[in-house]
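Peer 1: These are the residues of each chain, in order.
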Amino acid sequence: MEKIQFSSWVCPLPLRSYPTVVMGHGSGGKMMQDLIEHMFKPLFQSSVLDQMGDSAVVAIPTNGAGSTRLAFSTDSFVVNPLIFPGGNIGTLAVHGTVNDLAMSGAQPKFLSVGFILEEGLPMDTLGEIASSLAEACRDAGVEVVTGDTKVVNKGHGDGLYINTAGVGVIPSGVDISPQYAQPGDVILLSGTVGDHGMAIMSVRQGLSFETHILSDSAALHSLVACMLAVSPGIHCLRDATRGGLTAALNELALASQVGFEIEEQLVPVNPAVHSACEMLGLDPFYVANEGKLVAVLPAEVADEVLSAMRDHPLGRDAVQIGRVVADHPGVVLTKTSIGAMRVLDLPAGELLPRIC
Amino acid sequence: MKYLDEYRDGKLTRRLLKEIAETVTQPWKLMEVCGGQTHSIIKSGLDQLLPPGLELVHGPGCPVCVTPLELIDKAIALASNPNVIFTSFGDMLRVPGSSQDLFSVKAAGGDVRIVYSPLDSLKVALQNPDKTVVFFGIGFETTAPANAMAVVQAKKQHIENFAMLVSHVTVPPAIVALMESPDVQVNGFLAAGHVCTVMGYWEYEPLAEKYNVPIVVTGFEPVDLARGILMCAKQLEQGRAQVENAYARSVQSAGNLPAQKIINQAFEACDRPWRGIGVIPQSGYRLRPDYAQYDAELQFPELQQISPEESELCISGQVLQGIIKPNGCPAFGKQCTPLTPLGATMVSSEGACAAYFRYGRHEQVSQHLAVQALD
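Residue numbers (the numbering used here), protein chains in the order written: chain S, 483 to 838; chain D, 143 to 517.
Since the hints were derived computationally from the structure, they do not count as laboratory data. Because the structure is a prediction, the values reported are computed rather than measured. All C-beta atoms in this analysis are idealised placements derived from N, C-alpha and C, irrespective of residue type, glycine included. Keep in mind that the hints are not guaranteed to be accurate.
Chain D side only, calculated, beta carbon under 8 Å to chain S, not exhaustive [said to hold, decoys possible]:
#	residue
1	Arg156
2	Pro169
3	Ser246
Here are the computed lysine-lysine pairs in the PhoX-like style, where the Cα-Cα straight-line distance is at most 25 Å [stated by the list, open to error]:
#	chain 1	residue 1	chain 2	residue 2
4	D	Lys185	S	Lys817
5	D	Lys160	S	Lys817
6	D	Lys171	D	Lys297
7	S	Lys817	D	Lys403
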């Protein structure tokens, strides 16, 4: 059969004609990708940035021969509400950055924390969030070594924003990059999808519905360490945050210029998340996670890695969901429940609940 | 999920598909009326598994898609008014108006809020007595009862800072318009299960008889859809044209009477323009004179000056009538994408163009998918 050039589907997208920033530019979907591709990347011109890993990997020459490889990442947290079932903005600020480092295979070491506080934020709330943040750091074995505090006028912030940046050390022999997926590799997923996003939506103002969904917010570096202990040859890791599983798979397929094929029925979804998504007309594959990863690795080591994941509390529900192919580079296909195939495309912008 | 997973069962769907293949002896064109059904069909790939000759064409049942541009522009004008809090179902926010969308209005400082129920808008009105809270009341017979309830409650509770921008549409007049159109050739209809849950299906019986066309009330999951298609195909093969119910777990002939009562209390039928199609007689609801005080178009008379400009490239009217498929449009996937939509059908979660784009039904890829599906 003639090979299909998937890359020529559409004309190169112009920067959307929005004269101002809209919420969709931060959704983790195509609009955000577009903004980064067309505005930021050309301005910052960095070969490290161009790799578009969850964290940057930089080599620092050591005194003797060779070098130490560091993972470096930053993330800002603007979640509303500040406290949600299963966590708060403080725990999230630690887990988010720790996970970005872990996706390079790094052992996270140091964090910076920047607080942007809105005038009028109750001290009790700040205390609760700061102590959760401290506890999450202790649990993850990372140290906050520098920080910053700013206060903005009432009405100029959402109570509290946090930025964290982190540094981790990549063990020798580990070389993970979004560009390393190869035909023949298998795709593993560490557990259920959609929990974090639906936990947030369940308590968001004006949208409350009765449910017991907890955010899956968790630091994944110890899970990654267990996986690397079994096989250091893992090709790609991605935590499936904004844009959900779909964004993680698409970003890896695109970066490696290979095709991904998964089976949608193999992807575990918590029944309460499934119900909430049905009610709102959302697809759990597109809903954010804060404690789930996608791994791409050679088929030979898949069983061992999968069993190591299942032995870890954060990987109990780990499954193989698909494989990497040479066809349709940059495109993710999924087998539907009735056995047909369809494209699993990046979301455009914000997730919008349906009308009826 | 109980009562849902059963209707997504792959084996049962394939068994029904086999029966469909054994039933069909000649080409038939079936139209699924509702955009929710279109998305389910394209998402599951059901259409790829039908026998050759049995074609599904996609109907006008996407409320966002058929809301006239004029109403979108009015919504944008209202949302830009600093004395207004504009509330809407989320799906409407990305629909392009003549020059911008509601997201842009929000970015420019307009108070635009997504709600899940019009009753939530009433709460916003109570919390913000110094602002007028406008709700964008769109949809088919499915959303009409809750929207009617909102104005009835507003009057009961003497909430005066509330208004509704109404653009309701109804299904049966659209079926009449499609059957009367010389361009539309549809042999059978899959009627929308949730619309019939509210309205029943007695309204469809005279239509099936007059136009000699089978109409099967159909649900939204692959098993439901396959069963609806099978029942419709059997009627066609046997030369029958009746109304049948393939969604009996939700739909009764008379429908939901209390829901119909509240609709009739607040709304009356009116002529309504459908975006891309034109005015269909008696195909909409407007507020009854008793509730005129809540009509946003009367509360804000300056809206009458709005004159919309439709994109010349968008031919979504033909898509909404099943005359062409989305990937048959020259602008599809080129000038028109979900990020650069020319029409509402590319935006809405129920729009046929959005379904084709999202699930990768570009012309070349379709063939690739079809080949894989057979493997």
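Peer 1: All hints are to be evaluated individually against the structure, with a verdict given for each.
Peer 2: The hints, checked one at a time:
Checking D:Arg156 against chain S: minimum C-beta separation of about 7 Å stays under 8 Å; hint holds. Here the hint on D:Pro169 is broken, as its CB sits about 21 Å from the closest CB of chain S, past 8 Å. Among the interface hints, the one on D:Ser246 holds; its C-beta lies about 6 Å from the nearest C-beta in chain S, closer than the 8 Å criterion. About 10 Å separates the Cα atoms of D:Lys185 and S:Lys817, which keeps this hinted pair within 25 Å; it holds.
Between the alpha carbons of D:Lys160 and S:Lys817 the distance comes to roughly 19 Å, so the proposed pair stays at or under 25 Å and holds. For the proposed pair D:Lys171 and D:Lys297, the alpha carbon gap of about 47 Å is over 25 Å, so the pair is violated. A C-alpha spacing of about 44 Å is found between S:Lys817 and D:Lys403, which places the hinted pair above 25 Å, so the restraint is violated.
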